[in-house]
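Whole structure, please, built from the sequences with the hints as guidance.
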Amino acid sequence: DAKTTQPTSMDCAEGRAANLPCNHSTISGNEYVYWYRQIHSQGPQYIIHGLKNNETNEMASLIITEDRKSSTLILPHATLRDTAVYYCIVRVAGYGSARQLTFGSGTQLTVLP
Amino acid sequence: GAGVSQSPSNKVTEKGKDVELRCDPISGHTALYWYRQSLGQGLEFLIYFQGNSAPDKSGLPSDRFSAERTGGSVSTLTIQRTQQEDSAVYLCASSLAPRTEMTEAFFGQGTRLTVV
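For the record, the sequence lines run as chains A and B. In terms of the numbering used here, the first sequence is numbered consecutively and its last residue is 113. In terms of the numbering used here, the second sequence is numbered consecutively and its last residue is 116.
No lab work stands behind these hints: they were computed from the structure. Ideal placement from N, C-alpha and C gives every residue a C-beta, glycine not left out. Worth double-checking, as some hints may not be accurate.
Going by beta-carbon spacing under 7 Å, a handful of chain B positions derived as facing chain A [said to hold, decoys possible]:
id	residue
1	G42
2	L43
3	P55
4	L91
5	E104
6	F107
7	G108
8	Q109
Shown next as structure tokens:
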């Protein structure tokens, strides 16, 4: 499995965009980039995923570099409720990939009022 | 139900006792996963059920751990002769159709197990 590296922590002002980077330089061609977050005392929550094109949904945008060695999760207008640990993982999508849903230490995002 | 439900939310047990943790997946989800998360750590895969197929038990840390899924719905994770190192949050997740890239796993709130 490709390894990911993320900053340990980041702060963001409420209402501003939060940009969370992730490096995955050993990603394979069939591996997707997934982002989850975990708010204190809750289970992980899926945010977004992508293969090579940029993706956007109601929660966030995912920007993947052309060489796919890094990506950035963007929360366009961070709120206090976005304070959480954000995990970037790479995995093969589909059947049998359950074992690959393993998180590292993630980035603790703190949204400041 | 609307989401994955786990019970109990908290469990304190004495070392050496057996415990059962329950997971009710989202209705219609064919895949069910158990993970555990120790304090400050990432997720550790335990076991995976998909429909009527044989479960993937490759993540179970010892033979004290077992899991069942009855009727393709509710699952029970059993830990026999609990040890202090079993203390963790046990998370259950379910997904609709793992064979497609668009399917994601939805997690329950977890059961916090403390072995004293």
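Results of checking the hints against the structure:
no. : hint : result
1   : G42  : 4 Å, holds
2   : L43  : 5 Å, holds
3   : P55  : 10 Å, violated
4   : L91  : 5 Å, holds
5   : E104 : 4 Å, holds
6   : F107 : 3 Å, holds
7   : G108 : 5 Å, holds
8   : Q109 : 5 Å, holds
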